[in-house]
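Undergrad: My request is simple: use the sequences and hints to build the entire structure.
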Amino acid sequence: MGPSVPVPEGFRGMDRIKSVTGTLRGTDVTQFLGFLLLGACLLFALFFLGIILYFIVSRGLPVISWEFITAVPRRAMTKGGVAPAIVGTLYLTLGAIAFALPLGLACAVYLCEYSPKGVIVNIIRLSINNLAGVPSIVFGLFGFAVFVKVLGFGVSILSGSLTLGIMALPGIISASQEAILAVPLSYREASLALGATHWQTIKKVTLPTAFPGILTGVILNIGRVAGETAPILFTAATFYTRGYPDSIFSEAMALPYHIYALMTEGTRPEVQTGIAYGCALILLFLVLAISGLAIVLRQRQRSTYAA
Numbered sequence: 002m003g004p005s006v007p008v009p010e011g012f013r014g015m016d017r018i019k020s021v022t023g024t025l026r027g028t029d030v031t032q033f034l035g036f037l038l039l040g041a042c043l044l045f046a047l048f049f050l051g052i053i054l055y056f057i058v059s060r061g062l063p064v065i066s067w068e069f070i071t072a073v074p075r076r077a078m079t080k081g082g083v084a085p086a087i088v089g090t091l092y093l094t095l096g097a098i099a100f101a102l103p104l105g106l107a108c109a110v111y112l113c114e115y116s117p118k119g120v121i122v123n124i125i126r127l128s129i130n131n132l133a134g135v136p137s138i139v140f141g142l143f144g145f146a147v148f149v150k151v152l153g154f155g156v157s158i159l160s161g162s163l164t165l166g167i168m169a170l171p172g173i174i175s176a177s178q179e180a181i182l183a184v185p186l187s188y189r190e191a192s193l194a195l196g197a198t199h200w201q202t203i204k205k206v207t208l209p210t211a212f213p214g215i216l217t218g219v220i221l222n223i224g225r226v227a228g229e230t231a232p233i234l235f236t237a238a239t240f241y242t243r244g245y246p247d248s249i250f251s252e253a254m255a256l257p258y259h260i261y262a263l264m265t266e267g268t269r270p271e272v273q274t275g276i277a278y279g280c281a282l283i284l285l286f287l288v289l290a291i292s293g294l295a296i297v298l299r300q301r302q303r304s305t306y307a308a
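Residue numbering for the sequence shown follows this note's numbering, starting at 2 and increasing by one per position.
Computed list of lysine to aspartate or glutamate pairs in DMTMM-like fashion (alpha-carbon distance at most 25 Å, straight line):
id, residue 1, residue 2
1, Lys204, Glu179
2, Lys150, Asp247
3, Lys80, Asp247
4, Lys80, Glu271
5, Lys118, Glu190
6, Lys204, Glu190
7, Lys205, Glu179
8, Lys205, Glu114
9, Lys118, Glu179
10, Lys80, Glu266
11, Lys150, Glu252
12, Lys80, Glu68
13, Lys80, Glu252
14, Lys204, Glu114
15, Lys205, Glu190
Calculated directly from the structure, the hints in this document are not laboratory data.
TA: Dropping the structure here:
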């Protein structure tokens, strides 16, 4: 073989440029395919969400009227409205969040700010995560055994709210922990450097910064609490009443249980099916309204802190 001919420096540079260009093109193609896949998944989820909304709205909207929203049920729940069920659902949902939010927030603050690192804390966190996966009927049986029987609250709004609150507690604790841990460490260090105590730092710096993330957890749990039937089946819900609850120890109608009763216990399904879809549409708007209020509070907190 003859002697090797050296490659000019300019040609070596061209090879490097071609290699880098080829790598960038490969990266662009991979990125494009990734975004395409994510967009397809989003459209797929929105498609089924649209089908569900259309299904509920198309069947429930013809039933909705001012009388349906404000009147009490009549003639074995085939006439009148569902006002007691709306009021009962509001009481149970707000009562559950009022119980679960302070307790869940206190647990998250302790686990993130005060608890010693070790096996016991890891077991507590694992238990909270496992509790989030417990079926809702188990919470209902627990509430019936403890709140209705042992503590003597009876079948009441108080028993149902406490049961729903315990069911929502794991989700609120987990979301609050994530929000608190997401606060930059430099915020805490700056507060402590200015002479603030640990509790003052938590109260004035950590919690206000983490509040939007905490509200996100609350929003996610509102829908679950408002739409549950099994936990209130034994603790709070009544099949039929024409009046409104007058205390926390009163039974209450609730939209999820009312839908269940209309679809399973009715004597005139051709009439009660439409009423059930109307209740489902009202429940959907009720959850959206409460969640929308929480979203407004979250955005206001973000803008206040950013300012």
